[in-house]
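There are 2 protein chains.
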Amino acid sequence: MNEKYLKFKPIGVIHSEHTDPAMTPIQPAYAHGCRGYAEIFPQYTAGLKDLDGFSHIYIIYHLHRAGPARMLVKPFLDDVERGVFSTRHPARPNPIGLSIVELIKVKGVMLHLDGVDMLDGTPIIDIKPYVKKFDRMDPTRDGWQDLIDETKARKKGTRGLIKENNE
Amino acid sequence: MNEKYLKFKPIGVIHSEHTDPAMTPIQPAYAHGCRGYAEIFPQYTAGLKDLDGFSHIYIIYHLHRAGPARMLVKPFLDDVERGVFSTRHPARPNPIGLSIVELIKVKGVMLHLDGVDMLDGTPIIDIKPYVKKFDRMDPTRDGWQDLIDETKARKKGTRGLIKENNE
Numbered sequence: 001m002n003e004k005y006l007k008f009k010p011i012g013v014i015h016s017e018h019t020d021p022a023m024t025p026i027q028p029a030y031a032h033g034c035r036g037y038a039e040i041f042p043q044y045t046a047g048l049k050d051l052d053g054f055s056h057i058y059i060i061y062h063l064h065r066a067g068p069a070r071m072l073v074k075p076f077l078d079d080v081e082r083g084v085f086s087t088r089h090p091a092r093p094n095p096i097g098l099s100i101v102e103l104i105k106v107k108g109v110m111l112h113l114d115g116v117d118m119l120d121g122t123p124i125i126d127i128k129p130y131v132k133k134f135d136r137m138d139p140t141r142d143g144w145q146d147l148i149d150e151t152k153a154r155k156k157g158t159r160g161l162i163k164e165n166n167e
Numbered sequence: 001m002n003e004k005y006l007k008f009k010p011i012g013v014i015h016s017e018h019t020d021p022a023m024t025p026i027q028p029a030y031a032h033g034c035r036g037y038a039e040i041f042p043q044y045t046a047g048l049k050d051l052d053g054f055s056h057i058y059i060i061y062h063l064h065r066a067g068p069a070r071m072l073v074k075p076f077l078d079d080v081e082r083g084v085f086s087t088r089h090p091a092r093p094n095p096i097g098l099s100i101v102e103l104i105k106v107k108g109v110m111l112h113l114d115g116v117d118m119l120d121g122t123p124i125i126d127i128k129p130y131v132k133k134f135d136r137m138d139p140t141r142d143g144w145q146d147l148i149d150e151t152k153a154r155k156k157g158t159r160g161l162i163k164e165n166n167e
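Protein chains in written order, with the working numbering: chain R, 1 to 167; chain V, 1 to 167.
Here chain R stands alone, though its shape is the one from the complex (with noise of 0.2 angstroms):
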């Protein structure tokens, strides 16, 4: 065993209809309408106890198909190289992504998603409640992400999968 590492183990997987990273919603924010799943497996389904009374959880997983970091990275919405940790880019040091999404109801093992922005078979490391006076900020500064135009951004980021209310 080496030392150096922090092993983890998948707790569960996701089930999508996103099975092409080139065609999946870059965020949550992106995604609505993105129904899927999030299976749990058998041993753990225990600690979903009292789970179903959130509207909203965090989904921490491994970015399975990430290729190799990168210290800058060009992000999705974006044209400039950034420092990877400014993004939520997946070639980052540690794969493991974090998304918010909205638990429409929980069933045996399986939680039931909308919002869904994760490939088909992404292993789950984690799920959080999303607590509102712990988790809604009011963030001052957004830092480039307040330079990109919000209409393009939805344009790009939903890959023209959903079709927005004002199309």
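Fair warning: there could be bad hints in the mix.
Said to hold, decoys possible - Reference listing, derived: stretches of chain R covered by chain V, where coverage requires no fewer than 3 residues with Cβ under 8 angstroms from a Cβ of chain V: (1) 11-24; (2) 46-55; (3) 112-122; (4) 138-148.
What the hints assert, rightly or not - Keeping only pairs whose Cα atoms sit at most 27 angstroms apart, straight-line, the calculated DSS-like set for lysine-lysine is: (5) V:K105 to R:K133; (6) V:K132 to R:K74; (7) R:K105 to R:K132.
As the list claims (entries may be wrong) - According to the in silico footprint, chain V covers these stretches of chain R (three or more CB under 8 angstroms from chain V): (8) 31-39; (9) 82-91; (10) 94-105.
FYI, nobody ran anything at the bench for these hints, they're computed from the structure. Yeah, the Cβ is synthetic: ideal placement off N, Cα and C, and Gly gets one too.
Since the structure of chain R is provided, determine the placement of chain V on it from the hints.
Using the frame of chain R, we list chain V on its own:
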């Protein structure tokens, strides 16, 4: 190598005033005024470019002093046993913590932080920007957290370390 495991490596370490878990604020929301630092290891510092534009960041970290995983836990703010995935309790199948902290400034390899609820020496796994349009949700239901008295929660959650304005 056990194929079942996902292997990650620390990209840095937290420096904070918190050395006793029993005296550490339980969330950044209860740690206003708790300053600290995220030191990023030199091989990753190029990835910090542009991060200073963001007022808030996620820190994903190893809960390195968590006990063994339990499926039912008594949350710090509650007296009822809850499913571990409906809580932020450290005794999780994968002991990964998530904190949203205020980024005061970036100076070389050091991120200067406020709202630090992490123990001194905590290994850092990832840093991501908090982006309003992706991360600021309007949850309609906050589960068992809706039942918690906020005044008592704040008193307990801050561990009495932090004087509130109204005290």
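In ascending order, which of the hints set out earlier in this document are inconsistent with the structure?
1, 3 and 8
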